[in-house]
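Residue numbers (the numbering used here), protein chains in the order written: chain Z, 1 to 342; chain P, 1 to 342.
Because the hints were derived from the structure by calculation, they are not lab data.
This structure is a prediction, so every number in the text was calculated from the model and none was measured.
Please note that the accuracy of each hint is not assured.
As the list claims (entries may be wrong) - Here are the in silico distance ranges between beta carbons for each label pair:
{"hint": "1", "chain 1": "Z", "residue 1": "N94", "chain 2": "P", "residue 2": "R173", "range": "56 to 66 angstroms"}
{"hint": "2", "chain 1": "Z", "residue 1": "D224", "chain 2": "P", "residue 2": "N247", "range": "57 to 67 angstroms"}
{"hint": "3", "chain 1": "Z", "residue 1": "S223", "chain 2": "P", "residue 2": "L95", "range": "53 to 63 angstroms"}
{"hint": "4", "chain 1": "Z", "residue 1": "N125", "chain 2": "P", "residue 2": "R173", "range": "48 to 58 angstroms"}
{"hint": "5", "chain 1": "Z", "residue 1": "S223", "chain 2": "P", "residue 2": "M317", "range": "47 to 57 angstroms"}
{"hint": "6", "chain 1": "Z", "residue 1": "I212", "chain 2": "P", "residue 2": "A72", "range": "43 to 53 angstroms"}
{"hint": "7", "chain 1": "Z", "residue 1": "N197", "chain 2": "P", "residue 2": "N94", "range": "21 to 31 angstroms"}
{"hint": "8", "chain 1": "P", "residue 1": "S223", "chain 2": "Z", "residue 2": "K298", "range": "41 to 51 angstroms"}
{"hint": "9", "chain 1": "Z", "residue 1": "T145", "chain 2": "P", "residue 2": "G31", "range": "42 to 52 angstroms"}
{"hint": "10", "chain 1": "Z", "residue 1": "N175", "chain 2": "P", "residue 2": "L316", "range": "41 to 51 angstroms"}
{"hint": "11", "chain 1": "P", "residue 1": "D271", "chain 2": "Z", "residue 2": "Q152", "range": "42 to 52 angstroms"}
Stated by the list, open to error - From chain P, some residues computed to sit far from chain Z (all C-beta separations above 12 angstroms):
{"hint": "12", "residue": "S25"}
{"hint": "13", "residue": "T46"}
{"hint": "14", "residue": "M82"}
{"hint": "15", "residue": "S98"}
{"hint": "16", "residue": "T108"}
{"hint": "17", "residue": "R173"}
{"hint": "18", "residue": "Y184"}
{"hint": "19", "residue": "L185"}
{"hint": "20", "residue": "E248"}
{"hint": "21", "residue": "M289"}
{"hint": "22", "residue": "P323"}
Glycine included, every Cβ here is placed at the ideal spot set by N, Cα and C.
Chain by chain, the residues:
Number of protein chains: 2
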Amino acid sequence: MNGYLEFSNKIYILDTASVAGKMESEGRLGGLFDFEDISNLFGMKTWEEAESEMQRLAYNTLLSKLGTSHEAFDFAISGDLMNQCVAGSYSFSNLPLSYVGIYGACSTFALGLAVGGMILNLRRNSRAVTLTSSHYCSAERQFRTPLEYGSQRTPTAQWTVTGAAAVALSGRRENSDIFIKDAYLGRITDKGIDDPNNMGAAMAPAAADTLISYFKETGTQPSDYDMIYTGDLGAEGAAILTDIMKNEGYILTKENYNDCGCIIYDREKQDVHSGGSGCACSACVFSAMIHKHMRAGKLKSILIIGTGALMSPQFLMQGKTIPSVAHLVHIVKEEGEEEKRI
Amino acid sequence: MNGYLEFSNKIYILDTASVAGKMESEGRLGGLFDFEDISNLFGMKTWEEAESEMQRLAYNTLLSKLGTSHEAFDFAISGDLMNQCVAGSYSFSNLPLSYVGIYGACSTFALGLAVGGMILNLRRNSRAVTLTSSHYCSAERQFRTPLEYGSQRTPTAQWTVTGAAAVALSGRRENSDIFIKDAYLGRITDKGIDDPNNMGAAMAPAAADTLISYFKETGTQPSDYDMIYTGDLGAEGAAILTDIMKNEGYILTKENYNDCGCIIYDREKQDVHSGGSGCACSACVFSAMIHKHMRAGKLKSILIIGTGALMSPQFLMQGKTIPSVAHLVHIVKEEGEEEKRI
């Protein structure tokens, strides 16, 4: 098995846009999102409608940033955590974009970038937009308990990010010098975790598997990248990943590795337990922070490993465990004529 | 907007395998499926586990037909109707294949073939397997009412196919002369239908939109193909599609058009109302019938348009309508040195 995908043309990231809720605006990236709504409702009546509206807002903000309209894009790739992935399918309803629905739980952001790359490899003169979202309130009532129950959360629990992010991809350079070079699609790993409040432990082995497979395939080491970001393992999962990688001979440190779930909130001041999670976690951290650092030249070659717990409340009630998957995307900034590290 | 994808190498269909339940085995294609279980449980305790087991059985049957093992495949592309698409993620758990989760409701089969094509366009020496499934009992209790209620079904209602099918794709010819030439990914159409028992009406406009877009893009007509198959519009939706197409100047007749939902059951003898539906409908009809006809040379150039109602029971309860999408795949049989019709 080999999930490596090298794009034969560079897949350029033209721009990104992000939308976030109250907890996120009060977190460490507060003020860096393009749109923040402390009501978490985004003008809608239900949490589910609010999540779909966030995707629409992220997409519209992206169009506005690019100074363009729907017609500039041929393809939309979207996925989210809600049953039937409705955030995307309702936000793109009746819009003139071909729609590719994907499902990868919290690995969706990375999977979307990879699928966008595949499409633009076939359609080099086209643009695609990838979107994802999650909402704390729609996720809690779907996956765990309705918020009104006021359930006590365990220390390993993660806080689903209320947010959405959109990324504009192009098969041509246009005005961007940041591109997706290659990707690695992961396999499904299930080590027997059955606690929906400890997703970090379920996902860490999948992240390790994908990361190690990618290093072996490309003959690289963690030190070959400016930073490695996992999607949302949280503090618990990130510690487990660091341990697994160390046992395999790969050293992850604070200097070369961080987890988007540990970045987005201020865990000392906010009651988010193990950190952030949800499809929007890595998507919003990329849009609000990582992409800006790359533009500024602070980061030139990074790996993002989206990690997804493919858990089903129904299957957990039927006694099953939580399978997980991790997809990796390698994003690079061109350095003038000569490109280093790639 | 243009969702056309032409594969630069031919994406060969090596073989297919199908699994089906009681109603399907008693239908018009009974005996043509590779595995039939009239208990609909496939050795499992719950309908959901049964659906996941069907995907595993279809995949294992495919491996057996090809005389190969997991190692022959690098990628699995799967999607289904169950929340969190669990049929695929549990059946591929801990297997050594990179896993791409997709969501397109009943358009999943066609979307999976298209995504498989994208991957093998980048990885020409690899193989991918695409899978999908649906189960009448898991679908009814998730989307409509638990079977135990004994609800009366309306004449426009469709019967979700209990089945699964797997398709082996390769970037190389190997021993196959049947390949995917091109595809068209559709946009999301919502004409305001809000009746979960009339999905044909919701999906027909999406099918028309994709089909007409494809004809215009390729400069072809229905008569350029041996057959056009829609995924599962049922009798109701197929009649609506035929009307829409006629108004646009494209004539669909019994000789050049059929719907997989009208093929799989015997509507005169079986109480399936408007016909079959579910992700497995087009997948099983392709595996059990269409692919066999292509192998035998009866069909040499066909279009399959997977149609998906991206409906959410929760959003319907919140007063929303049913968005739909249709994805098209063009499958061709090589005719010796000279290939006609392509």
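Does T108 of chain P clear chain Z by more than 12 angstroms, comparing its Cβ with all Cβ atoms of that chain? Given that some Cβ of chain Z is not farther than 12 angstroms from that of T108 of chain P, nearest at about 9 angstroms, it is violated.
Outcome of range test on Cβ distance (S223 of chain Z, M317 of chain P; 47 to 57 angstroms): holds (53 angstroms)
Hey, is E248 of chain P genuinely clear of chain Z, shortest beta carbon separation above 12 angstroms? holds (17 angstroms)
Against chain Z, does P323 of chain P hold up as non-interface, every C-beta pair farther apart than 12 angstroms? P323 of chain P is in fact no farther than 12 angstroms from some Cβ atom of chain Z, at 4 angstroms.
Starting from the range 48 to 58 angstroms, see whether the pair N125 of chain Z and R173 of chain P falls in it by beta-carbon distance. Since the Cβ atoms of N125 of chain Z and R173 of chain P sit about 29 angstroms apart, the hinted range of 48 to 58 angstroms is violated.
Within 41 to 51 angstroms: is that where the Cβ-Cβ distance between S223 of chain P and K298 of chain Z falls? violated (59 angstroms)
Check the following: the C-beta atoms of I212 of chain Z and A72 of chain P are separated by a distance inside 43 to 53 angstroms. violated (22 angstroms)
Measuring from beta carbon to beta carbon, are D224 of chain Z and N247 of chain P in 57 to 67 angstroms? Taking Cβ atoms as reference, D224 of chain Z and N247 of chain P lie about 59 angstroms apart, which means the hint holds.
Satisfaction of the hinted span 42 to 52 angstroms by the C-beta atoms belonging to D271 of chain P and Q152 of chain Z: Holds, at about 49 angstroms.
Would the least Cβ to Cβ distance between S25 of chain P and chain Z come out above 12 angstroms? holds (26 angstroms)
Exclusion check [M82 of chain P not at the chain Z interface, CB over 12 angstroms]: violated (7 angstroms)
Honestly, do N175 of chain Z and L316 of chain P meet the 41 to 51 angstroms range at C-beta? holds (43 angstroms)
Of the numbered hints listed earlier, those contradicted by the structure are 1, 3, 4, 6, 8, 13, 14, 15, 16, 18, 19, 22.
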